[in-house]
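S.K.: Listed here are the chains, written in short residue letters.
Number of protein chains: 2
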Amino acid sequence: MNLDSLFYPQAIAVIGASSREKTVGNDVVKNLVQQGYQGKIYPVNPKISELYSTRVYADVAQIEGNIDLVVVAIPAKFVADEIKKAAAKGAKAAIVISAGFKEMGNLELEKQLAAVCNELGVTLVGPNCLGAINAEHQMNASFAAVMPPVGDVAFFSQSGALCTAVLDYAKDLGIGFSKFLSIGNKAALSELDLIKYLHADPKTKVICMYAESLDNAPSLIQALRELNRGSNPKPVIVLKSGKTAAGAGAIASHTGSLSSGDSAYQALFAQAGMIRANSISELFDLAQVFSMNEIQSVKKVTIITNAGGPGVLTTDAVIESGLALADLTPETVVELRSFLAPSASTHNPVDVLGDAVGEIYEKTIDAIAKDPNTDAIIVLLTPQSMTEPEKTAQAVVKMRQTSNKPIVVSLMGKALVASGVEILRANKIATTAFPEPAAAALAAFAKFSNWSKEQNEEFLNYQDVDKARVTEIFAQAKANGQTSFPEAEAMEIMSAYRFPLLKSAVAKTAQEALVIMQEFNCKVAMKIVSPDILHKSDVGGVALNIDVNNVVTEFEAMMQRVSANKPDAKLEGVLLMEMAQKGIELILGVNKNSLGTMLMFGLGGIYVEIFKDVNFAFGPLTRTDVLKMISGLRSNKLLEGARGEAAADKETIIEAIGRLSQLVSDFPEIVELDINPLLATKDGAKVLDARIVIED
Amino acid sequence: MNLDSLFYPQAIAVIGASSREKTVGNDVVKNLVQQGYQGKIYPVNPKISELYSTRVYADVAQIEGNIDLVVVAIPAKFVADEIKKAAAKGAKAAIVISAGFKEMGNLELEKQLAAVCNELGVTLVGPNCLGAINAEHQMNASFAAVMPPVGDVAFFSQSGALCTAVLDYAKDLGIGFSKFLSIGNKAALSELDLIKYLHADPKTKVICMYAESLDNAPSLIQALRELNRGSNPKPVIVLKSGKTAAGAGAIASHTGSLSSGDSAYQALFAQAGMIRANSISELFDLAQVFSMNEIQSVKKVTIITNAGGPGVLTTDAVIESGLALADLTPETVVELRSFLAPSASTHNPVDVLGDAVGEIYEKTIDAIAKDPNTDAIIVLLTPQSMTEPEKTAQAVVKMRQTSNKPIVVSLMGKALVASGVEILRANKIATTAFPEPAAAALAAFAKFSNWSKEQNEEFLNYQDVDKARVTEIFAQAKANGQTSFPEAEAMEIMSAYRFPLLKSAVAKTAQEALVIMQEFNCKVAMKIVSPDILHKSDVGGVALNIDVNNVVTEFEAMMQRVSANKPDAKLEGVLLMEMAQKGIELILGVNKNSLGTMLMFGLGGIYVEIFKDVNFAFGPLTRTDVLKMISGLRSNKLLEGARGEAAADKETIIEAIGRLSQLVSDFPEIVELDINPLLATKDGAKVLDARIVIED
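Taken in order, these protein sequences are the chains called A and B. The first sequence begins at 1 in the working numbering and counts up one residue at a time. The second sequence begins at 1 in the working numbering and counts up one residue at a time.
Everything labelled a hint here was simulated from the structure, so no lab data went into it. Quick caveat, the model's predicted, so the values are computed rather than measured. Hints are supplied without guarantee of correctness; some may be wrong.
[What the hints assert, rightly or not] Cut-off 30 Å, straight-line C-alpha distance, at most; resulting in silico cross-link-like pairs (DSSO-like, lysine-lysine): (1) B:414 x A:171; (2) B:414 x A:612; (3) A:391 x A:414.
Could you build the full structure based on these sequences and the hints that come with them?
M.R.: As structure tokens, then:
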């Protein structure tokens with residue numbers, strides 16, 4: 001993907017240039033010409049000869065020079081041909097603004113367009129998009145009226161119309177952009193391509209995006225773990241819509257019914273270290289906090305305020321978002337006491353009182369910046385008559401020169417604090433209009449910082465699995481048109497992948513049964529094995545709670561009993577199957593969706609649908625992925641032995657999840673799988689039942 | 001409480017008037033004089049003679065005329081005396097700005113002040129407050145610099161410093177106030193007093209407050225149900241801080257450990273129909289949506305947008321907040337189709353497309369306003385080049401003339417849509433800067449509307465309770481210094497209040513046992529009754545699963561067995577106690593906290609601490625209160641018979657909660673109570689165990 005031709009073109013052709021105002025073909029030319037683009041502009045339209053004092057060409061073929069980027073705003077069916085002509089003139093990137101493709105049901109036309117571009121080596125943006133803006137390059141190759149200031153935030157969006165609002169909001173908030181792009185139907189250029197380019201872009205510090213759908217979670221996870229767990233972590237902030245869309249039809253499995261589209265995205269974002277913005281407003285808060293602070297560990301926050309109420313509200317927000325308030329050191333408290341009024345609070349939140357002037361703020365900020373227990377700072381200010389918003393803002397700016405501790409400032413109010421906000425913005429200090437969002441943004445900042453410091457690990461892998469056996473089972477099933485594997489067959493697959501199962505064995509004689517029981521060392525259920533007997537209990541062919549002491553007697557008794565009841569039956573022996581202990585019923589499953597193959601782990605039994613205490617992750621999984629799936633459950637307390645019960649054996653739980661990860665990674669044809677229950681006890685987790693569905 | 005003297009005084013004395021700028025005593029006089037107050041202003045300070053061209057009096061006693069309101073800003077210890085002097089001049093209300101009372105540990109001084117005011121019939125605001133503003137009366141009797149425009153929103157705050165920020169934010173948002181008050185330490189004037197006054201105030205449509213603590217939940221619930229379930233519901237919106245404050249020390253009971261301060265406030269707000277704002281920003285959104293729309297039922301919302309992305313984001317917000325999207329009628333769809341472009345979406349969200357001009361919005365809004373399936377409307381607009389924010393705003397204003405359907409508009413962006421926002425504000429149309437909060441605010445609006453239409457009911461009351469018996473038990477316990485009632489004693493209290501208990505009776509003879517069992521018609525546990533036997537099972541004094549057929553044999557066998565094992569023991573008979581069936585373990589409890597006596601109901605058993613699936617409500621309870629406690633549980637699905645199980649008998653659950661409500665209402669000395677478990681089966685709920693703690 002040649003994205004330099006897209007963002008740094010030396011010459012741009014605009015096909016479909018129009019003299020009619022307020023049309024796309026007019027706006028694009030106007031924006032290029034009037035907003036300072038320094039390269040060559042070649043508007044194309046056979047019907048006009050000049051537009052905004054720029055020569056208009058009747059046909060692309062007539063353009064004398066080389067073209068780097070072509071912007072197309074003509075009816076859909078003509079687009080591909082014009083791109084071919086532009087490519088002949090050297091175009092390496094095309095922005096197709098034209099609608100009328102997939103979004104109107106014309107998927108085939110869109111595929112053809114993508115194929116043409118691919119063949120010509122042209123990077124295709126769109127179709128059905130708004131265009132691209134690179135303020136650094138003074139290029140507004142879009143029909144959005146606003147050229148944003150240069151900044152270090154990149155933004156791209158699946159919704160073109162959202163872009164104009166984002167530009168207008170951002171302008172008001174003083175947020176500048178490094179690159180700004182509307183990706184439309186994304187027929188060719190994907191989010192991952194853009195993330196890779198922007199990650200390498202020295203002008204970009206934060207990558208923001210609006211997405212309605214993404215593809216291929218495993219590759220995003222893989223790429224972002226490689227990119228962002230190094231020396232150059234660049235936060236990727238996502239505003240994702242469609243959270244509550246109804247699921248795609250009825251789904252038979254538990255795992256399927258518990259997975260929603262949004263649980264898949266939540267899993268993706270957590271595994272890939274992507275930061276989710278829950279609203280447009282939060283997107284801006286996050287962009288600021290990430291772009292204006294250096295990535296570092298944050299756990300404890302100190303709040304500085306001149307008003308008690310906002311201090312308490314912000315404390316609530318800090319705690320709710322998962323951060324903690326710092327305990328200031330005694331030295332810090334002594335220092336604060338040396339200049340604060342006696343009725344000021346030197347406990348966190350530090351209340352400098354309503355009459356605090358800029359100097360008091362400055363000394364306080366200075367003391368807190370030095371406090372070793374404080375990882376990050378939130379400064380609040382309400383406009384009282386003594387308050388000095390500008391001097392207070394300058395105090396923060398000054399602090400930034402000697403400390404890189406993350407800081408977010410909320411100067412509360414509007415007109416009375418505007419001059420202070422301006423100083424903060426000019427000096428790249430993150431601000432929020434209201435105090436509570438400062439805490440939420442800092443929490444996201446802390447989470448990403450922690451994530452970026454994790455080590456990348458190998459995927460869990462077990463050498464003892466019998467892949468050949470499962471390959472054989474699936475091949476045979478496919479040959480027979482079978483896609484569903486109920487208990488017995490599913491358990492054979494489980495067995496081949498060495499999942500922990502209940503012990504079971506067939507004994508042909510009482511003596512064999514005794515030997516087996518000596519090895520098993522547990523109670524078993526005994527079931528007659530005979531091809532001629534369907535209902536085992538009817539003929540006395542089932543006995544429960546057999547142990548090593550009575551197995552011989554029971555074996556013989558059962559043989560006699562069944563023979564008496566069913567003299568014709570051929571008796572092949574008895575199945576000895578471990579009696580399940582009392583334990584915690586868990587559920588482990590798989591759901592393949594548009595993002596990839598997703599594993600689910602959580603509490604099973606009667607509460608599964610009620611509390612939905614399950615976690616999701618895309619395979620293949622690392623040990624840390626698995627540990628997070630377990631520890632993220634509320635029921636984890638039960639596994640750890642709540643209420644005096646023994647803790648469950650966590651290693652065998654991890655192993656079960658790990659083996660499932662390996663199974664679905666080896667066999668991508670698995671679309672649904674439920675292990676229900678996975679029974680956890682102190683002696684280990686056991687698969688009691690399973691069912692599997694593979695693709696047609 | 002004479003609040004007219006506070007908000008509509010004809011003459012105000014300011015004690016502690018100061019010539020030094022940026023002091024409280026200066027600001028108050030300046031604000032009164034310069035911001036248009038038309039009544040008499042009497043600044044008092046022995047050291048100066050004039051301030052802002054107004055005569056300053058050396059002493060209150062020298063003021064010639066009558067005083068209605070006195071504002072005091074002098075050291076705490078002098079305040080009471082000055083108020084006495086002002087009262088002698090007719091003052092009926094006092095605003096004490098002075099700090100140095102309870103907040104500094106001087107509770108006694110504050111109590112004295114309150115007592116003085118009470119005795120003199122003076123309404124006391126504060127101490128430690130910012131003052132009062134009544135824009136309608138052109139009175140800024142506070143030290144906040146900003147006089148807000150007149151509006152129909154009343155605001156009062158426990159934090160004075162927050163007020164200045166609120167005024168500044170509100171000015172920017174175009175929100176005006178009917179009354180604005182800082183209540184400080186609220187030594188005398190309570191929230192309930194203010195709510196009652198403001199509810200009767202014709203200038204106030206919405207009551208907003210910031211609270212750190214409230215008192216007496218039952219009286220707030222009672223008052224607001226009476227006030228707001230009539231012909232004049234006035235929403236009370238609360239921004240409550242201290243959500244996450246650590247609980248007050250260790251608490252022994254389950255109910256205590258599951259109740260937090262915030263669960264008590266959540267219960268209060270739900271029962272009293274108070275609307276909680278979760279942030280300062282949401283407070284303003286709610287204030288607008290409530291003040292600019294008429295209370296009415298809302299279930300289904302239609303979104304009108306010119307951009308797909310924001311439409312989907314807002315759909316998410318609508319669904320997440322508990323509302324639904326309207327299905328437009330076929331007639332509406334036909335009408336929309338008649339003027340919208342073919343690629344526009346006539347499904348909700350209605351997408352009028354990016355090039356929609358004001359006229360298209362107007363026709364669309366008109367069609368949706370008439371749509372019978374649409375209860376409320378959200379209009380979104382992103383600024384595209386064809387977009388007409390002003391005409392679109394005017395279209396909404398026009399619609400309001402013929403339809404009173406609730407509507408919220410989000411013109412997205414800032415500078416590009418500012419003129420449209422201005423039109424909306426001028427015409428009292430609710431707007432939000434970002435689209436998602438529009439949905440949350442409408443959901444709160446819908447919730448209050450529904451709540452206000454509920455009927456007030458009698459509290460649950462059972463005539464068959466034996467109040468005298470419990471009175472006697474508690475009296476005797478108090479006499480003995482006993483405050484804790486473990487199982488046996490607690491069960492006696494349960495029995496006196498006719499809670500559903502397991503059947504039990506003592507039989508002296510086998511024949512008696514048979515008669516009892518014929519009546520019981522269930523299996524029982526049989527336990528020997530003897531004052532001489534501590535460990536019943538050791539002597540063969542316990543038998544399980546006895547039924548009517550073997551009760552005689554077992555009675556005789558037990559008597560012989562115990563006699564043989566313990567020849568000296570005096571045997572008084574056997575206790576026959578119903579065997580508990582398998583059922584759902586519930587927990588029912590009581591926790592008395594600073595707001596009142598709160599009942600808890602929810603899922604018991606091993607998941608109680610893990611899922612905390614419990615609901616709270618302040619007693620006494622109505623049947624609807626109880627039904628909400630039950631239906632609000634996630635586990636309610638289990639009670640209704642999930643997974644093919646029989647449903648639990650809900651009437652006996654309701655009765656158990658109702659009897660508990662009556663018990664704690666009759667005996668306010670109960671501070672902690674756990675019924676754990678309350679076992680629910682299809683045959684009825686039974687109290688299996690209980691413990692009670694009363695006050696010292």
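S.K.: Which numbered conditions among the earlier hints are violated in the structure presented, ordered from lowest to highest?
M.R.: 2
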